[in-house]
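*Asks:* Here is what each chain is made of, one letter per residue.
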Amino acid sequence: MAVALGSVLALTATACGDDGSGGGGDKGAEGSGKGEIVFWDNNGGVRTDIWKEIIADFEKANPDIKVQYVPIAATEVQSKYDTAIQGGGLPDVGGVGAAMLAGIAAQDALEPVEDRLAKSSLNGKLNEDMVTSVKVAGGSDEHMYSIPTSANNGVLYYRTDLFKKAGLEEPTSWDAFYEAAEKLTNSGKNEFGYTIRGGAGSIAQALDAMYGQSGITEFWDGDRTTLNDPKNVEALEKYAALYKKVTPAADLNNDFTKMVAQWDSGTIGMLNHNLGSYQDHVKALGVEKFRGIPQPVGPSGKRVQVSNPVDGLGLFKSSKNKDAAWKFIEFAASHESNSKWNESAGAIPSNTEAAKDAWINEAEPTKLAAAALNDGSTSIVQLPYYLPDWNTISKADNEPNFQKVLLGKMSAKDFLDTVAEQLNEAQAEWNEQKKS
Amino acid sequence: MSIKEAAPAVPTVRTSPPPPRPTKGHRAWDEVPRWQIYLPLGIYLLFTLIPFYWILLFALRPAGSTSLVPWPMTFDHFDKVWNERSFGTYFQNSVLVGLATLVMTTVVALAGGYALARFDFKVKRAFMLALLCSQFVPGALLLVPLFEIFAELQMINSLGSVVLAETVFQLPLSMILISNFIKNVPYSLEEAAWVDGCGRLRAFRVVVLPLLRPGLIAVGSFAFVHSWNHFLFALMFLNNQEKQTVPVGLNTLMSADSVDLGALAAGGIIAAVPVVIVFAFIQKWLITGFSAGAVKG
Numbered sequence: 001m002a003v004a005l006g007s008v009l010a011l012t013a014t015a016c017g018d019d020g021s022g023g024g025g026d027k028g029a030e031g032s033g034k035g036e037i038v039f040w041d042n043n044g045g046v047r048t049d050i051w052k053e054i055i056a057d058f059e060k061a062n063p064d065i066k067v068q069y070v071p072i073a074a075t076e077v078q079s080k081y082d083t084a085i086q087g088g089g090l091p092d093v094g095g096v097g098a099a100m101l102a103g104i105a106a107q108d109a110l111e112p113v114e115d116r117l118a119k120s121s122l123n124g125k126l127n128e129d130m131v132t133s134v135k136v137a138g139g140s141d142e143h144m145y146s147i148p149t150s151a152n153n154g155v156l157y158y159r160t161d162l163f164k165k166a167g168l169e170e171p172t173s174w175d176a177f178y179e180a181a182e183k184l185t186n187s188g189k190n191e192f193g194y195t196i197r198g199g200a201g202s203i204a205q206a207l208d209a210m211y212g213q214s215g216i217t218e219f220w221d222g223d224r225t226t227l228n229d230p231k232n233v234e235a236l237e238k239y240a241a242l243y244k245k246v247t248p249a250a251d252l253n254n255d256f257t258k259m260v261a262q263w264d265s266g267t268i269g270m271l272n273h274n275l276g277s278y279q280d281h282v283k284a285l286g287v288e289k290f291r292g293i294p295q296p297v298g299p300s301g302k303r304v305q306v307s308n309p310v311d312g313l314g315l316f317k318s319s320k321n322k323d324a325a326w327k328f329i330e331f332a333a334s335h336e337s338n339s340k341w342n343e344s345a346g347a348i349p350s351n352t353e354a355a356k357d358a359w360i361n362e363a364e365p366t367k368l369a370a371a372a373l374n375d376g377s378t379s380i381v382q383l384p385y386y387l388p389d390w391n392t393i394s395k396a397d398n399e400p401n402f403q404k405v406l407l408g409k410m411s412a413k414d415f416l417d418t419v420a421e422q423l424n425e426a427q428a429e430w431n432e433q434k435k436s
Numbered sequence: 437m438s439i440k441e442a443a444p445a446v447p448t449v450r451t452s453p454p455p456p457r458p459t460k461g462h463r464a465w466d467e468v469p470r471w472q473i474y475l476p477l478g479i480y481l482l483f484t485l486i487p488f489y490w491i492l493l494f495a496l497r498p499a500g501s502t503s504l505v506p507w508p509m510t511f512d513h514f515d516k517v518w519n520e521r522s523f524g525t526y527f528q529n530s531v532l533v534g535l536a537t538l539v540m541t542t543v544v545a546l547a548g549g550y551a552l553a554r555f556d557f558k559v560k561r562a563f564m565l566a567l568l569c570s571q572f573v574p575g576a577l578l579l580v581p582l583f584e585i586f587a588e589l590q591m592i593n594s595l596g597s598v599v600l601a602e603t604v605f606q607l608p609l610s611m612i613l614i615s616n617f618i619k620n621v622p623y624s625l626e627e628a629a630w631v632d633g634c635g636r637l638r639a640f641r642v643v644v645l646p647l648l649r650p651g652l653i654a655v656g657s658f659a660f661v662h663s664w665n666h667f668l669f670a671l672m673f674l675n676n677q678e679k680q681t682v683p684v685g686l687n688t689l690m691s692a693d694s695v696d697l698g699a700l701a702a703g704g705i706i707a708a709v710p711v712v713i714v715f716a717f718i719q720k721w722l723i724t725g726f727s728a729g730a731v732k733g
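Residue numbers (the numbering used here), protein chains in the order written: chain A, 1 to 436; chain B, 437 to 733.
By construction, these hints were calculated from the structure, which means they are not laboratory data.
Cβ atoms here follow ideal geometry from the backbone N, Cα and C, with glycine treated the same way.
Honestly, I wouldn't trust all of these hints.
[What the hints assert, rightly or not] Simulated DEER-style distance windows between Cβ atoms:
1) Trp359/A / Asp515/B: 25 to 33 Å
2) Ser300/A / Tyr489/B: 45 to 53 Å
3) Met509/B / Asn62/A: 44 to 52 Å
4) Asp108/A / Gln571/B: 35 to 43 Å
5) Leu504/B / Gln433/A: 23 to 31 Å
6) Asn62/A / Val709/B: 55 to 63 Å
7) Glu588/B / Glu288/A: 28 to 36 Å
8) Gly286/A / Glu467/B: 55 to 63 Å
[Stated by the list, open to error] Just so you have them, the derived chain B footprint on chain A, three or more residues with Cβ under 8 Å:
9) 46-55
10) 66-73
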């Protein structure tokens, strides 16, 4: 028995690399600029190959530094960071999207990077809007807690073959969108005009459609949100009424996985998602059967969209080798690496030199999205990612209520009033915290 | 000494329950038309098997195909997850964690279960209650304390941390099951062995242990399957990609905005096969083990 137990422990208790030190508040050290650093990828899996390629390039250019790559699924990364902040074991560098930046920064886990950026070769080469976005998302007026690497954007994907067959024009306006959704629906034949997101992530998508139609361009009017403005209520009522009328009934539980899979394999005219699923559509449908265009324009002729979280790399305060960690961040956000990564992800590069590379023009939705964001045709409603409660309010607390709206068991007004009330409270608390 | 041996259990001879006799208004088994049995079973089977067929379909048909049959068949998705997505390594780690949890849970539950079955001690009832109550504590609640303990023990990023955590969470139920199983073994058998010159340990090994086979298989397989499927501890305690397990690997096949369904389905099959094989081999003992362990308290 002793032998068996001994064998078991010998087999499992392998060399312990990480001692689990380094939680929130740990001051860390600059280090020698050599040795090993740990990098947590906040969207591991699909992006693993490209990160490994970038890491190999980095290690070739910096033979004294070794990067340990840890892929973490996007759905679990928040809890992994939270546990490590409380219990120790934070990485040196980690992918931190704008949506989680404020929460992590508030726990004193991230190193401000504005001084390092000012002295870096990256200075002046990062997209200013993205830099502003991560500054705001970090929740501090003084500090910047991540270096932006890419931006995503909402896209309206539509089936060109179905539109051509039905004699429909491209859905560039919300009116054209609603008309097409209706004309392409023949529920008896399992053909639908649109697939709506009713499950996880439903609220961000509904807000995009709502502000897009109402034309309201600011999320806050003083200390009160514009979320439950009568124009938004009207827009949401119209949008939610699409459910079951022009969409499959199963959409009630659609997260993005089901929604994308359903669109790729069924006969559905349109889908709202972001640039990230473009390659999935190419694999499933081929480039000739669909297009991805920017969101439709509203009645004023102006396109209004809600902001998508900007992704970035954070330097963790507890790192014992900040010098080497910063070198890796600089390298990953440099022209060549940033271009490679964003080409693979189909996202918009933060590095302004990378944004001029030829591949941008070959990936149509990315090209159109980048153009829409840069040519002044689009107003962006900045969502309050800086509120520590934003994720809870916009997801767990209210997604079930949005399902009630789709089912007609709750009015769009009641839903928006409820969410608005929570956001106003969260904003007031946030303002209080900032004052103190 | 406050520990004393428990009163011997009344010897029982377990036999299969007799077939139910037809009562008034009830037909005998052989009088029921076969379709009344097979039709509901068939419908139930369809509900169960269609999702499996769907996984097979996505795993075996080429990317982009919308065919309802996996033809032309491709193993590209399996090749991708096994070689490119490191599922070979994850699989090896999961097997190691599963087997280690199985061995540790079974050995410790056997010792603890014997004590609970054969000895009376002052706090026995309170201890049993504590064991039961520990089942109500979700693992997620203990994540940070466990993380801190393993960090102190320098065990973060070691498979040993996952094995220990899994074993600790498996033990209460396993110990209760084993103790009930041991209670079913007549005490007089052990006494007879002592009379013949055996010590307690030898009597346990040569007389009791062979009779516990169904219980041990039930507890061991339950521990293996649970640790095979468990996601949270591996996600939190293991950082190095070379040490991660199959459920964590499966999770990374879904990114924030893109999913390779073919790879996900292939990964799902790789994750499910060992569990299916384990259950196929042990189902006979498993049912006997759980029912025997569950009846007596």
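*Asks:* Now look at each hint and say whether the structure bears it out.
*Replies:* Hints versus structure:
1. About 27 Å separates the C-beta atoms of tryptophan 359/A and aspartate 515/B, a value consistent with the hinted range of 25 to 33 Å.
2. The hinted range of 45 to 53 Å is satisfied by serine 300/A and tyrosine 489/B, whose Cβ atoms lie roughly 50 Å apart.
3. At roughly 45 Å, the beta carbons of methionine 509/B and asparagine 62/A sit within the given window of 44 to 52 Å.
4. Checked against the given bound of 35 to 43 Å, the beta carbons of aspartate 108/A and glutamine 571/B, roughly 36 Å apart, stay inside it.
5. For leucine 504/B paired with glutamine 433/A, a C-beta distance near 56 Å fails the hint of 23 to 31 Å.
6. For asparagine 62/A paired with valine 709/B, a C-beta distance near 42 Å fails the hint of 55 to 63 Å.
7. Our hint of 28 to 36 Å for glutamate 588/B and glutamate 288/A is violated, since their Cβ atoms are close to 60 Å apart.
8. Separation of glycine 286/A from glutamate 467/B is about 59 Å and conforms to the stated range, judged on CB atoms against 55 to 63 Å.
9. With 4 residues having a beta carbon nearer than 8 Å to a beta carbon of chain B, the region 46-55 of chain A meets the requirement of three or more and the stated coverage holds.
10. Under the rule that three or more residues need a Cβ within less than 8 Å of chain B, the assignment of the region 66-73 of chain A holds, with 6 such residues.
Hints 5, 6 and 7, counting from the list given before, are not met by this structure.
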